[in-house]
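Novice: Spelled out, the chains give:
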Amino acid sequence: MTILPAPKRIRDVFADLLGRDVELTNAPEPVVPTLLQPCAVAVYVTDRVQTGALVCADLGLAARAGAALALIPPARADAAVEDRMLPHNLLENFHEVVNVFAGVFNVPTAPHVKLYAVHAPDQFPPRDVVAMLRRLTRRADYSLYIDGYGHGRLGVVLPM
Amino acid sequence: MIVLVVDDSRVMRMIVARTLRQAGFEGLSIREASDGREAFDAIATEQPDLVLSDWNMPTMTGIDLLGALRRSGNEVPFGFVTSEGSKEMRQRAEAAGALFLIAKPFNEDTFRHVLMPVLGAAR
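If you read the sequences in order, they're chains A and B. Counting from 1 along the first sequence, just add 1052 to a position and that's the residue number in the working numbering. Counting from 1 along the second sequence, just add 2 to a position and that's the residue number in the working numbering.
Do not take every clue at face value.
As the list claims (entries may be wrong) - Label pairs and their computed distance ranges (CB to CB):
#1 72(B) / 1200(A): 41 to 47 Å
#2 1200(A) / 122(B): 30 to 36 Å
#3 1199(A) / 93(B): 34 to 40 Å
#4 1073(A) / 72(B): 41 to 47 Å
#5 1089(A) / 99(B): 45 to 51 Å
#6 69(B) / 1135(A): 42 to 48 Å
#7 76(B) / 1078(A): 22 to 28 Å
To be verified - Sample of chain B residues facing chain A (criterion: CB under 8 Å; computed from the structure):
#8 85
#9 87
#10 107
#11 109
Simulated from the structure, these hints should not be mistaken for laboratory data. Backbone N, C-alpha and C fix where the C-beta goes; we use that ideal spot for every residue, glycine too.
Could you put the whole structure together from the sequences, leaning on the hints where they help?
Specialist: As structure tokens, this is what we get:
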């Protein structure tokens, strides 16, 4: 069974991939996509193509991590948050962030998972994915601060 | 020296090239391919000194690329740069003839340490 990654492991993946300091704290509320809070959602599947994990990033994290990955000026990420729209290049970069993030789930005692799909913030995810994202158990939610870029929020949800 | 970077992610190809420079490998000519099929053709024409390849890619994966190269008699030095860093993947890579597997995320220290024996002359 896939296990929730340790917070330090999550922080380290972002910090190592983006090449800058990242602070991680517990989020006060679950990170769930709504009309008022669009999110990018990554779906990971096992080798049997069953859902292995979901990652839900609010627009702030998707835009800022996507920008930081390619050293795109932070103002472009801020503009994306203000416009409530993730430009193609930031979405493409965020796709790579969550692709590398698969590594946090692939520990020796857990089934192998890989990235299957990324739903952009302007594409509401499939109903079964949304239902799983709204669960309150087998999940962890964090606020991240990416040095030089700013805040975003991340939810990690596992199947029962 | 010519290094072919194979990855379906444009930004990751850019990051690999940047990390090579940050690791001190300045005198390289970097070429790019976006999947295994494109890389197979590029290797025939460009004759790179090293291939740095992702594992999961559309059209032809990195491990399939390596297999196709070796079956065709091409022994170009080949290493993986991939998010797949499990023991099983490392064993498969080694059995197929890869020199190394660098797991993402990586940094310039990792590149320097792993690539020095292959690219030392390019520093």
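Novice: So, for every hint listed, does it hold in this structure?
Specialist: Evaluation of the provided hints:
1. Separation of residue 72(B) from residue 1200(A) is about 44 Å and conforms to the stated range, judged on CB atoms against 41 to 47 Å.
2. At roughly 34 Å, the beta carbons of residue 1200(A) and residue 122(B) sit within the given window of 30 to 36 Å.
3. Between residue 1199(A) and residue 93(B) the C-beta distance comes to about 37 Å, which sits within the given range of 34 to 40 Å.
4. With their beta carbons about 42 Å apart, residue 1073(A) and residue 72(B) fall inside the hinted range of 41 to 47 Å.
5. Between residue 1089(A) and residue 99(B) the beta carbon distance is about 48 Å. The supplied range of 45 to 51 Å therefore holds.
6. Checking the proposed 42 to 48 Å range against residue 69(B) and residue 1135(A) shows it holds: the Cβ atoms sit about 46 Å from each other.
7. At about 51 Å, the CB distance of residue 76(B) to residue 1078(A) disagrees with the hint of 22 to 28 Å.
8. A least Cβ separation of about 5 Å between residue 85(B) and chain A falls short of the 8 Å threshold, and the interface hint therefore holds.
9. The closest approach between the C-beta of residue 87(B) and any C-beta of chain A is roughly 6 Å, which is under the 8 Å cut-off, so the hint is satisfied.
10. The interface hint given for residue 107(B) holds, since its Cβ lies 4 Å from the closest Cβ of chain A, which is under the 8 Å cut-off.
11. Using the Cβ-Cβ criterion of 8 Å, the hint placing residue 109(B) at the interface with chain A is satisfied: the shortest such distance is roughly 6 Å.
In summary, the one numbered hint that this structure violates is 7.
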